[in-house]
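All residue numbers for the sequence shown refer to our numbering, where the first residue is 4 and numbers rise by one.
Simulated from the structure, these hints should not be mistaken for lab results. Worth double-checking, as some hints may not be accurate.
As the list claims (entries may be wrong) - The calculated BS3-like cross-link candidates involving lysine-lysine, where the alpha carbons are at most 27 Å apart (straight line), are:
no.	residue 1	residue 2
1	Lys79	Lys18
2	Lys23	Lys79
3	Lys23	Lys88
4	Lys10	Lys106
5	Lys10	Lys23
6	Lys79	Lys106
7	Lys106	Lys18
8	Lys88	Lys106
9	Lys10	Lys79
10	Lys18	Lys88
11	Lys106	Lys23
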Amino acid sequence: MNISPRKILMAHGDKVERGKLAIMLARFGHCVSFADEKAKSNISDEEYDLIIVDEYLDQGAGFVFLQHLSRENQVKTIFLSSGGKEERRLFRDSMDIYECLQKPVIPIDLAVVVCDFFISCFSSEKLVAPMS
4 MNISPRKILM AHGDKVERGK LAIMLARFGH CVSFADEKAK SNISDEEYDL
54 IIVDEYLDQG AGFVFLQHLS RENQVKTIFL SSGGKEERRL FRDSMDIYEC
104 LQKPVIPIDL AVVVCDFFIS CFSSEKLVAP MS
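Construct all of the structure, not just a fragment, from the sequences and the given hints.
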C-alpha cells in the first residue's frame, strides 16, 4: 500500500538533523518545507497536512512555537522532545498534539509515525493506493 504524498512543515533548528528527517520523508513522496520560530503565527490551518516541531529552535523554544499554532494545527503536530516517557505523554495529552517522540529521532521511526498519522486522519479520502 502507498500513502499519497502530503505537505509537511518542519520547524527544526538543527539543519543536519532536520535534513536527515526530511530526506526520509521525501523518500515516501512527501513535500517537506522548513520554518523557523518567526513563522509560527503565519501558518494557515489548511496549508500543511502535518507539522513537525522540535523542542529547540534557533530563535526560541519549540514549545512557544507550538503554543502559537491554531487548535486545528496543534492536533496534526508531532513534537520532538528530549524528555522522558512520562513527560512526553503528559505533554502530548495536555497540548492535544498527535504525538511526542523522544530525541534523537531515528528517521525511519518518524516515517512510521507520519504514515500512521496520515492513515488515521485521512482514511476517508483516497489516501491509500495499492502498490503497483
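Going down the list of hints, with the structure as the test:
no.	hint	result
1	Lys79 <-> Lys18	holds (22 Å)
2	Lys23 <-> Lys79	holds (21 Å)
3	Lys23 <-> Lys88	holds (23 Å)
4	Lys10 <-> Lys106	holds (23 Å)
5	Lys10 <-> Lys23	holds (17 Å)
6	Lys79 <-> Lys106	holds (19 Å)
7	Lys106 <-> Lys18	holds (15 Å)
8	Lys88 <-> Lys106	holds (11 Å)
9	Lys10 <-> Lys79	holds (12 Å)
10	Lys18 <-> Lys88	holds (25 Å)
11	Lys106 <-> Lys23	holds (13 Å)
When held up to the earlier numbered hints, the structure conflicts with none and fits them all.
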